[in-house]
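Q: Given the sequences, and given the hints that come with them, work out the whole structure.
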Amino acid sequence: MTAYDLYLVSPYLALAALAMLVIVADLVTRRTGLLVGLAFVGLAAPAALSAWQLADLTSSGASELTAEGSVILYTLSIDRFALFFNFLILAAVGLVVLVSNDYVRRMERLQGEYFGLMLLSATGMMLLAAANELISIYIALELTTLPLAALAAFLPNARSSEAGMKFLIVGAISSAVMLYGMALIYGFTGSTRLDEIAMALAASPQSGPLPFGSMAVLLAVVLLLAGFGFKMSAAPFQMWVPDVYEGAPTPMVAFLSVASKAAAFALVLRVFYIGFDALGGDWWVLLAGLAALSMTIGNLVAIAQRNIKRMFGYSTIAHAGYILVGVAAVATVGDESATFGPSSVLFYLAAYTAANLTAFFAIVCIGNRINSDEIEDYAGMLRRAPFLAIALALALIALIGVPPTSIFIAKIYIFAAAINTGESLMTWLVIIGVVNSVVSAYYYLRVIKVMFLQPAIHTERLGGSWPVNVALGVAALCMIWLGVAPGAILGVAEQAAVVLLVGG
Amino acid sequence: MPTGFSGLLTATVFLPAVAALLLAVGLVRGDRNVRWFAAAVAAADLVLSVVVFALFQRGGERFQLVDRFDWITTDTVQASYLLGVDGISAPLVMLTGLLGLCAVFVSFHISNRVREYFIWLFVLQTAVLGVFTALDFLLFFLFWEVELIPMYLLISTWGTGRREYSAMKFLIFTILGSAFMLVAIVGVFVSAGVGSFDMTRLLEPGGALDASRAALPMGLLFWLFFIAFAVKLPTWPVHTWLPDAHTDAPTAGSVMLAGVMLKMGGYGLLRINAGMFPEQLQQFALPIVALGVISVLYGAVVTMRQTDLKRLIAYSSVSHMGLVLIGLGSVAVVGGALSDAGLTGAAMQLFTHGTITGLLFVAVGILYEQTHTRHIPDLGGLANRMPMLAGAFLIAGAASLGLPLLSGFVSELLVFFGAFRAFPALTILAVLGIILAAGYILWMLQRTLFGPRPARWDNLTDAAPVELVPVALLVISIVAVGVYPAWLTDVFRDGLEPIVSGYNAGLAGVSR
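Those sequence lines, one after another, are chains A and B.
Going by our numbering, the residue at position 444 of the first sequence is 432; the numbering climbs one at a time, nothing skipped.
Positions in the second sequence are counted from 1; adding 419 to them yields our numbering.
Since the hints were made in silico from the structure, they are not lab data.
These figures come from a predicted structure and were not determined experimentally.
Worth double-checking, as some hints may not be accurate.
[As the list claims (entries may be wrong)] Far from chain A by the CB rule (all over 12 Å, computed), these chain B residues:
1) Arg448
2) Ala462
3) Val470
4) Ala709
5) Glu788
6) His791
7) Tyr903
[To be verified] A few chain A residues that face chain B, going by a derived Cβ cut-off under 7 Å, partial list only:
8) Phe328
9) Val390
10) Ala404
11) Ile407
12) Val418
13) Val426
14) Leu441
15) Gly475
16) Glu482
Ideal Cβ positions, reconstructed from N, Cα and C, are used throughout, including at glycine.
A: Shown next, in the form of structure tokens:
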């Protein structure tokens, strides 16, 4: 362990230390504002360290930070791809911390633990985006999932306990399945490092009619995908999503729906683009199938929902499907567009984070005041809380993919990447995608209709405290900004995605 | 590649949006103030749009008054903010300005949530103006989609009858159509050698996409675009949203819907299907003309049996917009050069139908404010209680059935001239639609304006001065185009000239 190693892992250490600090601070002070402030301001440390690493990368011109004798060299890759997710996850967790301000005030105790668990989970997510070795992937994944399971069960009611239990058990099963896949891969290639796996797979004879060249690899890929599918909340591994979304604390659901998803897609991109690079011609079909299934199931079932959190549960399944279209878009045309697919995924994740956080923050605010998540109770919200209603409406419009919002550009980008592959199957996938967008318009707009058109049952005005309003405003501005001037983030996403090709 | 930034088009397009923003932040309060503020903004925008039309020089650069700056430039995506007008879009910009002002004046009686109402109306106007002037696919699609939400809210909040159902139906149909367009736009964008969303490059002579470079089959791209525009136009069999939306929309919604939003479909067909896919348009001319003829005849027959005034006008729109498809089909002419009559007729039909149907809806709106019914059998003999209104109705009706010296005649004649050389039999069938139009228009006028007057209508008063402003504006434009159409047809012909000469070059190439 060298000092340079410490520098490389410093953002993760800083975030984990912050989690401990918040838990300890809770013992000392009973003031919620202090905890929120500490958790939020403390995030500056990992953010600054990440920025330092980014500056180092830029000045050295290398694709990855390494040094002689570094022991983490083959477990974590500190590259632009990992740093992209560091910033995305830190931004998401920062905003969620602010929004939790009103929410945790209603809790009798365990406020420090609430923030601590959330920060620990964020540490796991950041590690997941950097991990390039199967064992560290597994550990990072568990560090992500376990605190989230505890958070899901945080409320003292049956639904919340059910949510936590379901998340824990389904998570454990999917981990087991994934571990089995990892074991098979190790047995086949003799390594847990993604780059060595890629070399071993490329060297192994790819003969016979079977896809992937061998039954063992096919089985391993399917098992891994089942485990990842749970984290991505992609169908058919989506059973837990609506129940957890409905029962768990709303700010935690906001966090789960964007940060956890982003980390899962980072993992999938790294494992498939680097580890299974040699099999590129085969696995995209599997992912395309998952994409079609997720989009269709998510959108169709969302129509029938009466509870807005449940509806967003199905919506997040559908969006996992859209993002999978980008993952499956392995370019075969030319070198200059080879990063089209992965960079579209990165941009979509940023766009989705902004839009979904905006929506959830509005839901948190409204839910805090009216103590209900039923869509019908949103009647007349435009009169009762104009700011919240307009922000939520904008987010819903963004989630449909209507311009001028972030997800519109992201969808265009993902569909362009898909058609760019030149595969007719991908063209069909795009058509399934746009038809699904139309279906989604129905249920998203129904919420707007209730808020804007139906008369209010109660008339008292609603609003949140200033940290909540600030978080909501920032998320909404990012959502519009990514739609109106997406150039900067598109460029960053393209740079970050280059790593996936160099490493293979 | 057009460059520069004159700012005039940006001002024209975004003036209503800025006004909407000012209303939203509460700069203007009080229903009366809001109304007159809206009227002033709409009038200013009309002036701007007339200036755009007047400054457009025939025979000059193809795209004029260009506003351009880079919007997204990364390694893989290039898009720009690019506005410009040519001979096709300049008249449509003016039409939008004109109907925008009319829509404000017919909305003076709105008393429910006045400020919100005008906000959405202005957002709608900016979106439509943007569609007509955007020359970048991404921007074009952006404006195309932005128009949905205000129209949805206008129908569902300020409409009548089954307004929520109709608004949702409108939305689902349009969004489904634009979903297909999105695939087509992406398909064009990723085609080899394109790599940007700039429409002007694909419109240049010789710059058109060819099958060897296209990412998707050319025929598929053509039909994907066609479906989007056909839903908007609308054409049989995807027209069913229109009667519902029209019937339940507030008057201004109907005026904007029939007057300019249907024209977005026709404009897209001319700009994209005719301009970028010349070979495919020739190849598929027969099914397109057949769809047009079915729309004309089916629309006319269904119109005959309507008893609701607005529904009647809505179905007549289906019939009249079918003529646009027939005009497009004229490009399939074999032997001899293609004349510009058919395409010019199609473009003229967009403008004339906009003013005529706008006037019809304005008249029905005024009538409905007084009588609170649109059921034709309940009405009758209104002409001597409401002479001004009856005059407007008569002029609009006469123009709608194609009476010479009024604008409808010009466009219909041009369409038939152009289409006859390519599809004589189908064109003759379509002319039957005009005879049917005479039937339903005269029948409607006779049943509402003349004949015995039920006693309950004895106390009706004529249209108020503020309601007569849009009537006067639209009557003037209808007569002006009808008496001297050249001021408009010449501009359209100028815009269509590159397309027509492209076809003729293609035809010459084939015969060689």
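Q: All hints, please: hold or fail.
A: Here is what the structure says about each hint:
1. Arg448: At about 15 Å from chain A, B:Arg448 clears the 12 Å cut-off, so the statement holds.
2. Ala462: holds (27 Å)
3. Val470: holds (27 Å)
4. Ala709: holds (25 Å)
5. Glu788: Holds, since 23 Å exceeds 12 Å.
6. His791: holds (23 Å)
7. Tyr903: Given that every Cβ of chain A is farther than 12 Å from that of B:Tyr903, nearest at about 40 Å, it holds.
8. Phe328: holds (6 Å)
9. Val390: holds (5 Å)
10. Ala404: Since chain B brings a Cβ to about 5 Å from A:Ala404, closer than 7 Å, the hint holds.
11. Ile407: Nearest chain B Cβ about 5 Å off; hint holds.
12. Val418: holds (6 Å)
13. Val426: For A:Val426, the interface hint holds, since the closest Cβ of chain B sits about 5 Å away, which is under 7 Å.
14. Leu441: holds (6 Å)
15. Gly475: The hint holds - A:Gly475 has a Cβ within 7 Å of chain B, the shortest such distance being about 4 Å.
16. Glu482: Holds: closest Cβ of chain B sits about 5 Å from A:Glu482, inside 7 Å.
In the structure shown, no violation is registered for any of the earlier numbered hints.
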